[in-house]
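Colleague: As a plain string of letters, each chain reads:
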Amino acid sequence: MIRGKQIVLALLILLVLWQILAMLVQMPILPSPYLVLTVLVKEVFQGKLAGHFLASFWRVFASTFLAILFASPAGLILGQSKKIGKMAAPFIYLLYPIPKVVLLPVILLFLGIGDLSKIFIIFVILFFQILVLVRDQAATIRPELIQSVRSLGAGRRALFRYVYLPASIPGILTALRQSIGTAVAVLYVAELFATQKGLGYYIYLNGSTLFNYPAMYAGVVAMSVLGLGLYFVVDAAERKLCPWLSFK
Amino acid sequence: MINVQNLTFSYQTGLPVFQQFNWLVEKGESWVLLGPSGCGKSTLLYLLAGLRFPNEGQVLINGNMIKRPRPETGLIIQDYGLMPWATVFQNAALGLTIRDFYGPDGKHAPLGAVDDLSQVEFWLERLGLLDVKHKYPDQLSGGQRQRTAIARTLAIHPDLFLMDEPFSSLDAPTRESLQQLVLELWREQNLTLVTVTHSIEEAAILGQKILLLKQPPNTEAQIIHNSQMNQPLFRQTAAYQEVCQDLRERMLI
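Protein sequence lines, in the order shown, are assigned to chains G and F. So for the first sequence, this note's numbering puts the first residue at 1; every next one is plus one. So for the second sequence, this note's numbering puts the first residue at 1; every next one is plus one.
Misleading hints may appear alongside valid ones.
[To be verified] Taking lysine-lysine and the DSS-like style, the derived pairs with C-alpha atoms no more than 30 Å apart in a straight line are: (1) G:K5 / F:K135; (2) F:K133 / G:K240; (3) F:K107 / G:K82; (4) F:K27 / F:K67; (5) F:K27 / F:K214; (6) G:K5 / G:K240; (7) G:K5 / G:K42; (8) F:K27 / F:K209; (9) F:K107 / G:K83; (10) G:K82 / F:K67; (11) F:K67 / G:K83; (12) G:K240 / F:K135.
[Unchecked claim] A few chain G residues that don't get close to chain F, going by computed Cβ distances all over 12 Å: (13) K83; (14) A88; (15) L116; (16) A139.
Hints are computed from structural coordinates only; laboratory data are not their basis. We treat Cβ as the ideally placed atom computed from N, Cα and C, and that holds for glycine.
My request is simple: use the sequences and hints to build the entire structure.
Modeller: Here's what the structure looks like:
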């Protein structure tokens, strides 16, 4: 377990390195962290950065929620039913490695330029990650365990509640942890297209159109905070929902 | 209590494990199913538990044909079947939690069952698990896991107690103390006990009657009576040695 103190220390060291680099480079495209942070505060309270942040947050939140909602039960079924799992395996094998982000233009054409297309592309990426991890985890639930719980009177519903559900939570959380980075990266790409809301748009606008580099970096920091925040949420959820994992 | 009539059972591949097999168990008896691997002893236990079903013939418990796991039957499997994500208390309470989940419908829980969680505390205390009740199975010793599984089974007030190679992965002192514990509980709770084992010594200690199974197909019940197992310190008697020797010879045939 990494402790809070260590994280703060690492953050400080990274900021110092950034500062040193900025002083060495001495160019507008690499402003110092101090300047970026003052701009960040200003943009949040006086500008529109908070609004962009919320737009991005909503897209990630909605897509993650939907991905968990659809992928976990599907993964459970694939992992527990040998027949269905076998049937689906070749399809997943073909579809899983496709870089879904390249489908973005197609998805924009089908779902339009609103929030839906952006939520959908992140959903698709997370869906496959969670599906595969939950499936593999569900397949490791030993049949003996199921039998012994059935012998205590459990039918399908109780098995789901007391065995399958708790057994799949670690898989869901691992999948989320692994795909948060990808999700935020895809969010950035998705927000470059046909939108005027979101951190991706904000970063691109300030960096490539307005040439306001400190503001662009403020956007980058905001996006990092978004990713980091989601990471913290997953960590906290794991401590809360899976306390037994720390004794493995 | 248990009446196996004309039982024929085979897995999809291969010979029948049981063919026209008959077997009777009276209430309150302690039986051991003994035999080499692949003889069908675990299969018979799972048939009693309602987790497998005969191809022909029937398994009756208290006169009722077994079509699904019976709420009054307790089963302990080889590696205890504990849920790694649940504490000792939650594991031990699982049977009652499931009954609560369905309500006393006669199918998942006995009709009119009013179980309260104080039963769980009682058994945890009786089995010396109160100190570890908030721990997870990964933090326990093998003996503690086995006792948790026993607590879970006794908390549902079974009248029939089935165990599949319950002590095979434990060290000798733990195994012997748990064998004594099970015998104590058997007498005290008026249970009908059926234990599957491949160990001759265990069969002699736990089995008032021993059902010896051979390479399939099993057609006839070969039964060894071991009524002397009730005497104190049976393990140290000559009678115990004789039973073991007798079983050893019979298993060779």
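Colleague: State for each hint whether it applies.
Modeller: Here is what the structure says about each hint:
Taking the CA atoms of K5 (chain G) and K135 (chain F), the gap is near 28 Å; set against the 30 Å cutoff, the hint holds. Pair hint K133 (chain F) plus K240 (chain G) holds up; C-alpha atoms about 19 Å apart against a cutoff of 30 Å. Taken as a hint, the K107 (chain F) and K82 (chain G) pair is honoured in the structure, with Cα atoms around 28 Å apart against an allowance of 30 Å. The suggested pairing of K27 (chain F) with K67 (chain F) holds, with an alpha-carbon distance near 20 Å, which does not exceed 30 Å.
For the hint pairing K27 (chain F) with K214 (chain F), the CA-to-CA distance comes to about 25 Å; that is within 30 Å, so the pair holds. Between K5 (chain G) and K240 (chain G) the alpha-carbon distance is near 21 Å, which keeps this suggested pair within the 30 Å criterion. Pair hint K5 (chain G) plus K42 (chain G) holds up; C-alpha atoms about 28 Å apart against a cutoff of 30 Å. A threshold of 30 Å between alpha carbons decides the hint, and for K27 (chain F) with K209 (chain F) the separation of about 13 Å falls inside it, so the pair holds.
For the given pair, K107 (chain F) sits about 28 Å from K83 (chain G) by alpha-carbon distance, which is consistent with the 30 Å threshold. Distance hint between K82 (chain G) and K67 (chain F) is fulfilled; the C-alpha atoms sit about 24 Å from each other, no more than 30 Å. The hinted pair formed by K67 (chain F) and K83 (chain G) meets the criterion: a straight-line CA distance of about 24 Å does not exceed 30 Å. The suggested pairing of K240 (chain G) with K135 (chain F) holds, with an alpha-carbon distance near 15 Å, which does not exceed 30 Å.
Every CB of chain F lies more than 12 Å from the CB of K83 (chain G), the least distance being 14 Å, so the non-interface label holds. Under the 12 Å C-beta cut-off, the non-interface status given to A88 (chain G) relative to chain F holds; the minimum distance is some 24 Å. For L116 (chain G), the condition that its CB be more than 12 Å from all CB atoms of chain F holds, with the nearest at approximately 36 Å. At the 12 Å boundary, the C-beta of A139 (chain G) stays outside the reach of chain F, the nearest C-beta of that chain being 16 Å off.
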